[in-house]
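**Student:** Residues per chain are reported as follows:
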Amino acid sequence: MKTAGAILLLSLLSTSCKDFLEENPKNLQTTENFYTTEENALSAVNAIYAHLNAQSGDTFGGVYFGGFWVTEGLSSDEMINLQSGSPDQDQLATFTQDPNNATLYEIWKQHYKAISLANVAIAKIPGIQMDETLKARYVNEAKFLRGLLYFNLVRMYGKIPLLTSDVTSTTPSAEEVDVIYTQILADLNDATNLPADQADGRGRATSGAAHAVLAKVYLTRKDYDNAIAECGKVIDSGKYELWENFADIFKIQNRGLKEAIFSVGFGTAGSALSFWEVAQMHVRLLPPELASAGITSNTLGWTAPTQALVDSYDASDERRDVTVFNRFNETVAGKAYNVPFSRYYFRKYWDVTVPTEFTTAEANIDFPVIRYADVLLMYAEALNEKDKSQEAHDALNLVRERANLTDLSGLGKDAFRDAVLVERRHELAAEGHRWFDLVRTGKLEQLVPPAKPGVVPQAKHYLFPIPQRERDLNSNLPQNDY
Amino acid sequence: MSKKFYRDIGLALLTVASFLAATTAGYSSPTIFLAQQTKISGKVTSADNEVLPGVNVIIKGTSEGTVTDANGVYTLNVPGPDATLIFSFIGYSPEEITVGSRTTLDVTMTPALEALAEIVVIGYGEVKKSDLTGSVSSVKAEELRAVPTTSFDQALQGRAAGVQVQQTSGQPGAEASIRIRGTSSISAANEPLYVIDGMLVNSSTSDVTAGGFNGPRMGPLSAINPSDIESIEILKDASATAIYGSRGANGVILITTKRGKKGTSNLNFESYYGVQQVSKELDLLNASQFGSLVNEARSNAGLPLTYTNPQNLGTGTDWQKEIYRTAPIQNYQLSFTGGSEKTQYAISGGMFDQDGVVIGSDFRRYSFRTNINTEISKKLSVGTNLSLASTRGNVLNTGLQFITPGVIGEALTMNPILPVYDPTQKGGYTYENTVGPFQAAQTGTVAGNPVAEARSSQALSTSTRILGNVEAKYKIIDALVFKTSFGIDGVFSKDRMFQPSWLRASQSVKGIAGQASLQGVTWLNENTLTYDKQLRGSDNLNVVLGYTLQEFQNESFGTTVFGTDDQLGYHQLTGAGSPQAPYNNETKWSMVSYLGRAQYSLNHKYLFTVTGRVDGSSKFGAANKYAFFPSGAFAWRMSDESFMEGIEFLSDLKLKASIGTIGNQAINPYQSLPLVKTYGQGVFNNGTTVLPYNSSQPQAFNNPNLKWETTRQLNVGFDAGFLEGRIQLTAEYYRKYTYDLLLSTPISSTTGFENTTLNIGNVENKGFDLEITTVNTNSSSALKWNTSFNLSSNRNEVTKLATDGDVQLGNGLILREGQAIGTFYGYQFDGIFQTDEEASKSAVFANQKSGASQAKAGDRKYKDVVPDGVIDEKDRTIIGHALPKYTWGLNNTLSYKNFTLNFFFQASQGNQMNNLNQMFLEDFNGEHNVSADAALNRWTPTNPSNEYPRALAKRTADVGTISSKFIEDASYIRLKNVNLAYNVPSMMLDRFRMRSLRIYVSATNLFTSTNYKGYDPEGSSYGTSTAYPGIDQGRYPLTKTYLVGLNLGF
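Residue numbers (my numbering), protein chains in the order written: chain A, 1 to 482; chain B, 1 to 1050.
Check before you lean on any hint, since a few could be wrong.
[To be verified] Under the rule of at most 25 Å between Cα atoms (straight-line distance), these lysine to any residue pairs were calculated in the SDA-like manner:
hint	chain 1	residue 1	chain 2	residue 2
1	A	K159	B	W589
2	A	K26	B	W589
3	A	K159	B	T689
4	B	K677	A	A269
5	B	K625	A	L21
6	B	K707	A	D190
7	B	K800	A	T31
8	B	K874	A	F20
9	B	K863	A	K443
10	B	K677	A	T31
[Said to hold, decoys possible] A few chain B positions that, by computed beta-carbon distances, are all more than 12 Å from chain A:
hint	residue
11	S578
12	K677
13	Q699
[As the list claims (entries may be wrong)] Simulated coverage check for chain A against chain B, where a stretch passes if three residues somewhere in it have a Cβ under 8 Å from a Cβ of chain B:
hint	region
14	25 to 34
15	107 to 117
16	201 to 210
17	249 to 263
Honestly, the hints are just simulated from the structure, not real lab data. All C-beta atoms in this analysis are idealised placements derived from N, C-alpha and C, irrespective of residue type, glycine included.
The whole structure should be built from the sequences, with the hints applied where relevant.
**Tutor:** What follows is the structure, given as structure tokens:
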């Protein structure tokens, strides 16, 4: 027995402790060994896109899921908030937001999440052994998205941290606005080397998308020559045209086609994906009366148009009934409906011809980040600033004609400016543009009070407050005038 | 303190001492013999016939004497037959015997009243309590069984100083939270290490549950049957815990299960049956009161009234009554114990069944245990301890949800005007908390019907656990024993969940069902050499050297489907509308350890212990695979010194001190690896063509500089016995410093992450542990009364923070240098605005200055701490602390003839709770039910309340604001248990060949004295989570239990 015990002990002691304590998880990959193949490179780029739509992961709303475009609408003469359990959105709709506004933090966080993934892709993909053309394309897609996201952020928050590396400090300093724009221009200019067409459609960045966003950057910076040039590249590419009817833009079957320049796709791919990948438009914009009437399953009507927006449409403007409605009075699949609502709601994203869109409130629609009509209106705006009145009128009238409106002619520079802004309001309602447009044109104080009596924007509202949480955690962040 | 105080104390002690001395029974009278002898010898044994070496034998009145040898034998020359010998030995009552005519005088010594000879189990050995140098508390089986619990950890509450136990939920089988000497870590576990019969077990909940649903987590130790436990030792200081090295920082709980005794053969049957009720219901508005409130709220918001005649609505539905019930609890245990000279056994089987007081929740356990040990030869003995338990629990969904607030939160907030049932709905239940036609639709999260959710949601957790080891002991030479053991802890558990499509919580996904399973196996091999030698005189040397290997492996798999069939539920996942991607996980860690301990006892007076353990762990980074954890301790039995002899009332006094370093590796493996995982899915839409894509992304912020937490602990104290041990006192003071605290810390989201694990600082715990046991009546009295009291006082302080400023943990909790973990931070509530004018002139939140949410009379006001005319984050201050200043337990046992009455109080003092339930219950927006007391005293122009705001049918600007308003004092004193037992006299039992019969009635949580407004001042909604103590939000409430029981022995 004694020997047996000793042998047992010795044999155990001689076990190689080094191997025994080695950590080698087979179910996990690390940043060290992951970014090595072409598939991994694609996966890294896709991760950025995956934070634009909606996720069933840690947080279910990506950049274009809801908070962002609703905020741009609420903080203007476009939208009001009806979601009663949502003080954050009440604040945004009445210009009473403070640094603790949760929606503003959510927007900040989602943008930086996607930016951090773009930084990883831009840092890691060049080291992967793979087809060089594809490699350049992936890196440029990441740059397009990084440029777009910083463009959103710099306009909303002003001086913010500019992070471009996959290794970051937890307490970065804020950068001057000009420096941030320099980076945005560099990224977007690189992205103009992207192919004009992508096999995956216009949910993937293209050269056209890069030119279109560049045009908006230049317009925002009042660099009208370059804005005109970039719009021109989009127009001259021949890749884009307006749909014949305004309603066609938002048809399921037309997603990513013709007028779409860059869109964020939502949908479950026929239940191949998880639940939250659908868009929030129906839940958020369609009225509860539709649910009460048993037509849709879960429409809550959280966000609605201001009456001023509804009233501002010309009677003959075809866009009005596509964009807003206060009664559902249509025949769908042979059945006539007539449901009155207590007020006006947004209608434009609802394609009632597709049964799942009609009944389930699960929107498989694209969110239009930038579309051709926007480019035409930017073109008109920039041309007018450079006193090219006729070309400006021509571009504007293309959009008006589609809406069944008469052409405008002979407007002076100021009148034309106002006309473009009106046109943008009617064309792009509920597409996340209005606050940006009012800020770019300096009309926040002038145009909001008539639409929202008692709501008085001030100079400080040309930027949003930096989220308090971020300033609590990073003392290097300055606050805007809040 | 004045001199008079000390004089009074001295007088009091003297009075008690003389009283007790006068009443104590005398020793047996000596017999007088005639003949004279000069030499006498004999053998000294204990009552159970063990020889006692090292017993002092002294001739009374002289300094002459000797000690017994290794066989307990002594030889001594005495002057004559009148000589009296005094036999004394630690832990035994001294014996005085006059020699008389005998030449041989064998003595049987009886243990002293408080058994200092009591054997205390310590890591890798055992020691006489008198020789103990470290800090160890013992809890006996009787104390554990006094309170009916699913799991023994709950029964430890209030039983030992320095051990704070919190019941986290009333859910049957739910985990308890245990803190030994304070909170020394935030993200690494703070739960102690559990060692069951030498087996180091998995006590982390995530290691033993599959995690398939959202609700209170089943306790990791609920598979251990409390009835099988003989004793529990709690190792507290570094001297006691350093032998467990990197796992000792939170203390160690050693569990010894029952085993058989030589020469006996017993059959025991134990059973109890009882009923439980919710310990408290909150007073909410009834239907007509609520209708009036809704109308007033709407009127104040300029909206049309909802109810024309609210007074006609009656009382409506009491949603709390609808979900609570009187629920049975029962326990049955049959055990056989006994043994021959060579083989002892203990075999038992048990069944425990408990329904929860909330409908839809229960817990059941079947368990079996076999402990056998046998002596194969003089040198070799083998044994096994093996248990198997099968548990099954239906868990209530009380967790805060994305869509609904969970069953308890719903019962508190659901509109009382609504009925429970609505035949027009698919499930037959009222669907959700609708107040007006559109209000509910426009609210963020809406309460679903709690009755429907409790009844038709299913969350069933089953688990089978095998825990056991085999061991062999080989006596190489008399003093040297080699022991080897191999143990297994295997857990096989499965969670299932289902919510039908017509529930509010699951409507949006058209019904949800899922299954998750886990299997985890730990094996442990331990090999020790123990050298235990009586040296010259009564000196003793005990050395343990050991080498151990342990490996843990855990695999889990689960899947969830949406669009389930409402009939089939989780029983049939195939065919569901939208199956979701399955998820799985594999975890593995391993450890290699070398351990050693030397204990040297110099004449039982000077006691030295040196302990060390080297742990190699796979969890540690490559550069830090191994770590060394040393400790040292010294104790001095002062009462054995000659200069102490004159102090009659002091029967025992031992001073002790220890210091050492211990670790905490209870953190998930792979923490230091920068992981990449699949994450995003999405689609690119191209007309009707839909192209799905998948992606991968880094899992966490990469921090390669992570270090492991270490704890240094100093312990000083004394054990004292007075009046022949009738008063026993242990008092200890400790300081515990924990360095390099790991914390999942909020970080700037510009990193792409909201949290990361950082070494954020150091924390210190210091405090006193005090344990007193007294025998209040003398041994001849028919009435016997024993008391034990323990008091723990802990001060926690974050001594260093590496972050820029405070760490905001959420729910109002922060970490700040100089403050304790669990510090609440927020605004100071300052009453209610009485006039619009006052509101417009006072400091308010920025968005209350004007516009829709402008502050008006009836709104809450807050202190403008930094007086700048606006309430903003600068006005936040420290408004409370979640950790108690002290906790105590007081146990009294009174016996008279065959009756025994036991009552046990347990208390926590000086702690606050953030009552988030109440925050909701004082929000009078008319969309959900509210506290009756608050609502009926709400501010109106005619009732100028300074505490409760006005009713207002919109969200006021301060909704969700963490303020002193809802930080409530959660101190409490609880009559935890009362137990009255009757032992049937043996003469009545003999007829039925029974050995013993004990019948008892017992009540648990009968009475709680507290100012706290919520259900229960104890615990937290975040379970055992250290970062979120003292949060009350929709928890499963505490229960009261009444039961009758019997213990029957043959």
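**Student:** Hint check: A/K26 vs B/W589, CA-CA at most 25 Å. Holds or violated?
**Tutor:** With Cα atoms ~13 Å apart, A/K26 and B/W589 stay inside 25 Å; holds.
**Student:** Is the coverage entry for the region 201 to 210 of chain A by chain B consistent with the three-residue Cβ rule at 8 Å?
**Tutor:** holds (count 4)
**Student:** Could you grab the alpha-carbon distance between B/K707 and A/D190 and see if it respects the 25 Å cut-off?
**Tutor:** Since the Cα atoms of B/K707 and A/D190 sit roughly 41 Å apart, the hinted pair is violated (cutoff 25 Å).
**Student:** Are there at least three residues in the region 249 to 263 of chain A whose beta carbon sits under 8 Å from a beta carbon of chain B?
**Tutor:** That given contact holds, which follows from 7 residues of the region 249 to 263 of chain A lying within Cβ reach (below 8 Å) of chain B.
**Student:** B/K625 and A/L21 were given as a pair; does the straight-line alpha-carbon distance stay at or below 25 Å?
**Tutor:** 8 Å, holds
**Student:** With d taken as the least Cβ-Cβ distance between B/S578 and chain A, does d exceed 12 Å?
**Tutor:** The assertion about B/S578 is violated, with a minimum of 4 Å to chain A.
**Student:** Could you grab the alpha-carbon distance between B/K677 and A/T31 and see if it respects the 25 Å cut-off?
**Tutor:** Satisfied, since the Cα-Cα distance of roughly 10 Å is no more than 25 Å.
**Student:** Assess, step by step, whether the Cα of A/K159 is no farther than 25 Å from the Cα of B/W589, and give holds or violated.
**Tutor:** The hint is violated at about 46 Å.
**Student:** CA of B/K874 to CA of A/F20, is that 25 Å or under?
**Tutor:** Judged against 25 Å, a Cα distance of about 53 Å means the pair is violated.
**Student:** Taking C-beta pairs only, is B/Q699 more than 12 Å away from all of chain A?
**Tutor:** 8 Å, violated
**Student:** Counting residues of the region 107 to 117 of chain A with a beta carbon closer than 8 Å to any beta carbon of chain B, are there 3 or more?
**Tutor:** holds (count 7)
**Student:** Counting residues of the region 25 to 34 of chain A with a beta carbon closer than 8 Å to any beta carbon of chain B, are there 3 or more?
**Tutor:** Result for this restraint: holds, n = 9.
The structure fails hints 1, 3, 6, 7, 8, 9, 11, 12, 13 (numbered hints given earlier, in ascending order).
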